[in-house]
Amino acid sequence: MRTATKRVRVEPFVFHTLNTIFMIAIAVVTLYPFLNTLAVSFNSGVDTTRGGIYVLPRIWTFSNYKAVFATGDVGHAFWVSIARTVVATFVGVFLTAMLAYALSRKEFMFRRSITIIFILTMYFSAGVIPTYFIVKDLHLLNTFLVYILVPSGTAGLISAFNVLVVRTYIKTLPESLIESGRLDGAGDFRVFMSIILPLCAPVLATISLFIAVGQWNSWFDTFLYTSSRQNLSTLQFELMKLLQSTMNSNTTQTSTSAAGQISNMVTPLSIRAAITIVAAAPILVVYPFLQRHFVTGLQVGGVKE
Amino acid sequence: MKSTVQDNKIEAMPKTKPQRRNQTFWQRFVSQGQLILMSVPMLIYVIIFAYVPLWGWLMAFQQYKPRGGSIFSQQWVGLDQFKFLFMDEGFTRVLRNTIAMSVISLVLSFITAIGFAILLQEIKRSFFKRWIQTISYLPHFLSWVIVTGIVATSLSTEDGIVNIVLMKLHLIDSPILWLGEGKYFWGIVGASNVWKEVGWNAIIYLAAISAIDPSLYEAAEMDGASRYRKIWHITLPGIKPVIIILLIMNLGWILNGGGFEVQYFLGNGQVVDWSETIDIFVLKYGLRIGNYSLGTAAGIFKTVVSIVLLFMANSIAKRLGEERLI
Amino acid sequence: MGVMARKTWMSVMASTFAASLVLAGCSNNSNNGNASPSEAANQAGNSPSASASASASPSAGGEEKLDPVTISFFNGYGGVVPTDDNKIYKVFKDELGVTLKEEYLVGDLEQKLGVMIAGGDYPDMITANAKLTAAGAMIPLEDLIEKNAPNLKKHYEKVWNMLKDPDDGHIYWLPNFGVYQGDFKPTIYQGPAFYIQKAILKEFGYPKITSLDEYFDLIEKYKAKYPEIDGQPTIGYTTLAFDWRVFGLRNAPEHLAGYPNDGQVVVDPNTNVASLFEGNDISKPYYKKLNDENAKGIVDKEAFAQNYDQYLAKIASGRVLGMFDQHWNFQQGEDTLKSQEKFDRMYVGLPLVYDPSIKDYYLDRPTVNLVNGVGITTKAADPVRILKFLDAMVTEKYSKIINWGIEGQDYQVGDNGLYYRTPEQRKQQDDVAWKKANKAEALLNAIPKLEGNYPDGNADTPGNQPDEFFATLKPIDQELLAAYGHKLWSDFFSPPPENRISYPAWNIDLVDGSPAKIADQKMKDLALKYLPKAILTKPENFDSVWNEYSNAMGKVDTKAYLDRVNSQLKWRQDNWSSK
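Residue numbers (our numbering), protein chains in the order written: chain F, 710 to 1014; chain L, 4 to 329; chain Y, 1257 to 1835.
Read the hints as simulated data drawn from the structure, not as lab findings. Heads up, some of the hints might be wrong.
Said to hold, decoys possible - Within a straight-line C-alpha distance of at most 27 Å, the following computed DSSO-like cross-link-like pairs (lysine-lysine) qualify:
| hint | chain 1 | residue 1 | chain 2 | residue 2 |
| --- | --- | --- | --- | --- |
| 1 | Y | 1780 | L | 68 |
| 2 | L | 186 | F | 880 |
| 3 | L | 68 | Y | 1387 |
| 4 | Y | 1789 | F | 775 |
| 5 | Y | 1615 | Y | 1557 |
| 6 | Y | 1598 | L | 68 |
| 7 | F | 815 | L | 287 |
| 8 | Y | 1420 | L | 86 |
| 9 | F | 845 | Y | 1387 |
| 10 | L | 68 | Y | 1357 |
| 11 | L | 68 | Y | 1464 |
| 12 | Y | 1544 | Y | 1464 |
| 13 | L | 287 | Y | 1811 |
| 14 | L | 287 | Y | 1780 |
| 15 | Y | 1789 | L | 287 |
| 16 | Y | 1387 | Y | 1349 |
| 17 | F | 845 | L | 287 |
| 18 | F | 815 | L | 321 |
| 19 | Y | 1403 | Y | 1598 |
| 20 | Y | 1458 | F | 775 |
| 21 | Y | 1794 | Y | 1826 |
| 22 | L | 68 | Y | 1826 |
| 23 | Y | 1458 | Y | 1357 |
| 24 | L | 186 | Y | 1598 |
| 25 | Y | 1789 | Y | 1387 |
| 26 | L | 186 | Y | 1794 |
| 27 | L | 186 | Y | 1458 |
| 28 | L | 287 | Y | 1464 |
| 29 | L | 287 | Y | 1815 |
| 30 | F | 775 | Y | 1464 |
| 31 | Y | 1598 | Y | 1409 |
| 32 | Y | 1357 | Y | 1403 |
| 33 | Y | 1815 | F | 775 |
| 34 | Y | 1780 | L | 186 |
| 35 | Y | 1343 | F | 845 |
| 36 | Y | 1387 | L | 86 |
| 37 | Y | 1615 | Y | 1635 |
| 38 | L | 171 | Y | 1557 |
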């Protein structure tokens, strides 16, 4: 009896200590590549070539970042990226949730067929050129709308994956909630808007992160569909352009650089690190605001009320 | 208000259950008008942007050349592209590598992400918890070229941290050339996938856990259930539907080999018998030598396999009475 | 279970493929990976004594005051994107009436062109690619040049026949590099060679080295004497076989056997017939030697598993004694050594041969950079106007503006008439932001240009000005050059003979998707798989591994490969000889 009570007291302590240590270990291991990239981005490119940069720069410099921000159109492209991310995320999350709700209703007559049609899209792609023709025929080339509508790489208006995740989540909600809405005489759309949407906050926060990151990181659609309109260029595309130009100029023009003046030179490695940090920073800033929805253990208020 | 709903029900289905089937198509169509409006526009969208372009698949049955003009005036070669793919002496090896690396990455990713999400949930101080969570998903934002660079450096025989640690622990006598021996390659790919994506993959489980009704835990606590019982009987069942759904979906991606770039950047001539996947084979013998039809043929092959696997997994889930996709 | 990453896997693969190409720097489109196109020419692009083809005639197209025109241009080579108010572009606008609307490649070129061809959306002017001619997107230029572009005609006169398309005899592309006149003599050497640290030569009193045995002997002795450099273990010999940068592993044997860089074949100069050297007795002695050196601990065991960054890091650490490579491929590592002032750890290239009876043929004469440069598409409204712009670019006046810049701002003129840069002017060249506003490097890289010297004695570009070269020499360089009795780094190499008419074989188009191209890829795969194995195996097993390699080579359709190469070599012989 005595040992039992003792175990009860000791166990949480041991568990929490071990768990904390384990979590710190994971944090260290996963933080390292990011810190390393950060260090490289602040280290002289020529010096980085030597290797041996871990978490602190050896020769501090801002020249990598200067090179990134010297790219004239980064400013405008940044706002285009913000715009596409915000618009596509709001529209995408709403449409995803709405479709997911429809597909979660057992009585829905097209539930199975629509689900299958969506699921299959995860497992094939027609290729770049046929999609290009669709975009061209719909007169979407060189329009902002292309970013919102056309699936490309990591970006797309609505993805089967997200729909299924949300649908699964909705199905775990107590059916009685929906029924109670029904009894109030609400139609499906009103049930969705007033009951389902608020209850789905954690999963919607999750998929909005997925959609936003996909949109933010997308450059392939700019490359394919809007590259001849500079004012539609996105941040990622400008950064890719910069990276590529660094690589080209590095293999062809170093012979002209005079002796002793090369220590400020950027290299593909150093510029890539700076680009990575610049591109990731906005997401990292926004993240904590989404995070509280799914980390702090959201109370599913609707259930209790 | 109440009465209208009930009246409708009575009108529509006078007896109760079986009568739903007796509804005419149009009756159901009209009564589900809102659901249809909520889904059909997206259906049209996905048909336009995903299904209509599928005419591009015709290319798999051609020897596509830019010189040949549009896709409809190309030379037809029947199944030659598929033959080239399947008859290559290396194909079985490539298929084996692809599946092996997929399965390894899949299993490792699932276990680590779920485990991490559950353990993180046990952390009580929310400030600490949030920090750990933020840090853990940072590597997701690094491109594979950066991460594989760090992996290669860490595994180097020169001053790689992995060899240094193993030597210090006296587990090995001399540094191991990790990337030079095929037998380590699959494990390295799996571990790299976990390293980069564990935090990101855990997000979805964290969301699922947060949706579990807290009253269940409170009730269990009153019954004196231990931490492990609560995880086993409440948390895991709570996120099981998500796990099953993700598992089924991921099984369909078994021919993706657990990524493409990771093998591309870490592979080399010495380990090619273990590192080459379908995607890399197609890159080398399709895109890179200007045979664009091969990539399409391989894509069709992968799609067919995916769909077969998907329906199999789905029906197994159904038989087991679990959550399923379709 | 990458969450977003696998949404639509094929499109993701397509984009990651493109991305990986970008990230891996694989903008290379030569079929052997010998050198990127601009590079191939660039490595030969240092010839102070070449007399320029520029006439002093001021009849540049721009002098005629034509109506303003906007030319759209897609630059598939990429490069530093100029600002809108770029100084050089402003000169073109003010003086030639030409506004360039440029688009630069980002991502995968083949994919971009595929989309462009599918949609038929071409710019007016575009950088060369065989796919575009195949799709009928380009207009023939030969008649237009005859009528409207006297300077271009003069520039390309000697190589006119080589510019013609092998299929239909039209000229579609105006090459960007490799058209020189006069005798050819580079200062520095950027091409393939067995490189060795200057410190080693100094240590042993600057011995003359021509064979593999002498080369490795020196490396062994030095390594024995200095097992550590700067506190880290000395690496005797390394090489690189990463991504497309595989020539360090594959190409040495052809040079050792006395052949020039023809890619993966050696060509008999008398019969003009190509044969393979990989997997047979031409290459075996070299890999056997590496196998022996590996047993002695000289070869870097990690060589074949390292990536490009790791390779550069080793070079930059100053402890790699030697390697076979092309200079531009490891230049970044050397730049780091330079910045640390470890000048004696930098390298000098040596033309080693199997035995003394063989004359080295590493250094070659520049060749025209075929199917490179720019062409004019069917979408161009006024092709003549575009040609006139390009015509102006090969006049002395505009060549100097685009290469040197503007007098007083970018360079000074010395009393002797030679141009030079002040230290400040030199320094601004390293400033990326400044370059965007004041240079047109990406454009220059793509368009036809004068190479060699101008009639006034100045070099084509600042980098080739002889004074600039001598100014970069450090004491150890001067000592080393003096010890061997050389003036220039290229003096280590035998003066190149006149090029074989069909030279070089590496730029032969193997035809997309053909059996020849499949064979080419297979041979590459086999080399990357078996050569490391052969080098790293125990000496007694070398022969069995080598036999395995030979047998695997035997299964490849090498006949299709050689047939294609030989038919093209013959075609060149027949069509290029007549001037």
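Each hint, compared with the structure:
1. Our distance criterion of 27 Å between C-alpha atoms is met by residue 1780 of chain Y and residue 68 of chain L, whose separation comes to about 24 Å.
2. Taken as a hint, the residue 186 of chain L and residue 880 of chain F pair is broken in the structure, with Cα atoms around 44 Å apart against an allowance of 27 Å.
3. With a C-alpha separation of about 9 Å, the suggested pair residue 68 of chain L and residue 1387 of chain Y falls inside the 27 Å cut-off, and the hint holds.
4. Proposed proximity of residue 1789 of chain Y and residue 775 of chain F is contradicted: the alpha carbons are some 45 Å apart, above 27 Å.
5. Annotation: proposed proximity of residue 1615 of chain Y to residue 1557 of chain Y is violated, straight-line Cα distance about 32 Å (limit 27 Å).
6. With a C-alpha separation of about 52 Å, the suggested pairing of residue 1598 of chain Y with residue 68 of chain L is violated against the 27 Å cut-off.
7. In summary, the hint linking residue 815 of chain F to residue 287 of chain L is not supported, as the alpha carbons are separated by about 47 Å, beyond the 27 Å threshold.
8. Between residue 1420 of chain Y and residue 86 of chain L the CA atoms are separated by roughly 37 Å; this puts the pair beyond 27 Å, and the hint is violated.
9. Between residue 845 of chain F and residue 1387 of chain Y, the direct Cα distance comes to roughly 22 Å. Compliance with the 27 Å bound is thereby established for this hinted pair.
10. This hinted pair does not check out: residue 68 of chain L and residue 1357 of chain Y have alpha carbons roughly 30 Å apart, beyond 27 Å.
11. Taking the CA atoms of residue 68 of chain L and residue 1464 of chain Y, the gap is about 53 Å. The hint is violated against a cut of 27 Å.
12. Between residue 1544 of chain Y and residue 1464 of chain Y the alpha-carbon distance is near 23 Å, which keeps this suggested pair within the 27 Å criterion.
13. For the hint pairing residue 287 of chain L with residue 1811 of chain Y, the CA-to-CA distance comes to about 18 Å; that is within 27 Å, so the pair holds.
14. As the CA atoms of residue 287 of chain L and residue 1780 of chain Y are separated by approximately 10 Å, the hinted pair is consistent with the 27 Å bound.
15. Straight-line distance between C-alpha atoms of residue 1789 of chain Y and residue 287 of chain L comes to about 21 Å, which keeps the hinted pair within the 27 Å bound.
16. Taken as a hint, the residue 1387 of chain Y and residue 1349 of chain Y pair is broken in the structure, with Cα atoms around 31 Å apart against an allowance of 27 Å.
17. For a cut-off of 27 Å, the pair hint linking residue 845 of chain F to residue 287 of chain L is broken: about 30 Å separates their Cα positions.
18. In summary, the hint linking residue 815 of chain F to residue 321 of chain L is supported, as the alpha carbons are separated by about 15 Å, within the 27 Å threshold.
19. Using a Cα cut-off of 27 Å, the hinted pair residue 1403 of chain Y and residue 1598 of chain Y is violated, with the two alpha carbons roughly 56 Å apart.
20. The straight-line distance between the Cα atoms of residue 1458 of chain Y and residue 775 of chain F is roughly 41 Å, outside the 27 Å bound, and the hint therefore fails.
21. The suggested pairing of residue 1794 of chain Y with residue 1826 of chain Y is violated, with an alpha-carbon distance near 43 Å, which exceeds 27 Å.
22. Distance hint between residue 68 of chain L and residue 1826 of chain Y is fulfilled; the C-alpha atoms sit about 25 Å from each other, no more than 27 Å.
23. Between residue 1458 of chain Y and residue 1357 of chain Y the CA atoms are separated by roughly 53 Å; this puts the pair beyond 27 Å, and the hint is violated.
24. Taken as a hint, the residue 186 of chain L and residue 1598 of chain Y pair is broken in the structure, with Cα atoms around 40 Å apart against an allowance of 27 Å.
25. Of the supplied pair hints, the one linking residue 1789 of chain Y and residue 1387 of chain Y is violated, its CA atoms being roughly 37 Å apart against a limit of 27 Å.
26. Restraint check: the Cα-Cα separation between residue 186 of chain L and residue 1794 of chain Y comes to about 20 Å, which is no more than 27 Å; the hinted pair holds.
27. For the hint linking residue 186 of chain L to residue 1458 of chain Y, the alpha-carbon distance of about 44 Å lies beyond 27 Å, and the restraint is violated.
28. Taking the CA atoms of residue 287 of chain L and residue 1464 of chain Y, the gap is near 43 Å; set against the 27 Å cutoff, the hint is violated.
29. This hinted pair checks out: residue 287 of chain L and residue 1815 of chain Y have alpha carbons roughly 20 Å apart, not beyond 27 Å.
30. Distance check on the hinted pair: residue 775 of chain F and residue 1464 of chain Y sit about 47 Å apart at the alpha-carbon level, beyond 27 Å; violated.
31. Of the pairs offered as hints, the one joining residue 1598 of chain Y and residue 1409 of chain Y is violated, with about 47 Å between alpha carbons and a cut-off of 27 Å exceeded.
32. Taken as a hint, the residue 1357 of chain Y and residue 1403 of chain Y pair is honoured in the structure, with Cα atoms around 26 Å apart against an allowance of 27 Å.
33. Proximity of residue 1815 of chain Y to residue 775 of chain F is assessed by CA-CA distance (about 53 Å); at most 27 Å being required, the pair is judged violated.
34. In summary, the hint linking residue 1780 of chain Y to residue 186 of chain L is supported, as the alpha carbons are separated by about 23 Å, within the 27 Å threshold.
35. Under the criterion of a C-alpha separation no larger than 27 Å, the hint pairing residue 1343 of chain Y with residue 845 of chain F is inconsistent with the structure, at around 36 Å.
36. Restraint check for residue 1387 of chain Y and residue 86 of chain L: satisfied, since their Cα atoms lie roughly 26 Å apart, inside the 27 Å limit.
37. Distance check on the hinted pair: residue 1615 of chain Y and residue 1635 of chain Y sit about 51 Å apart at the alpha-carbon level, beyond 27 Å; violated.
38. Taken as a hint, the residue 171 of chain L and residue 1557 of chain Y pair is honoured in the structure, with Cα atoms around 22 Å apart against an allowance of 27 Å.
The structure is inconsistent with the numbered hints 2, 4, 5, 6, 7, 8, 10, 11, 16, 17, 19, 20, 21, 23, 24, 25, 27, 28, 30, 31, 33, 35 and 37, although it conforms to all the rest.
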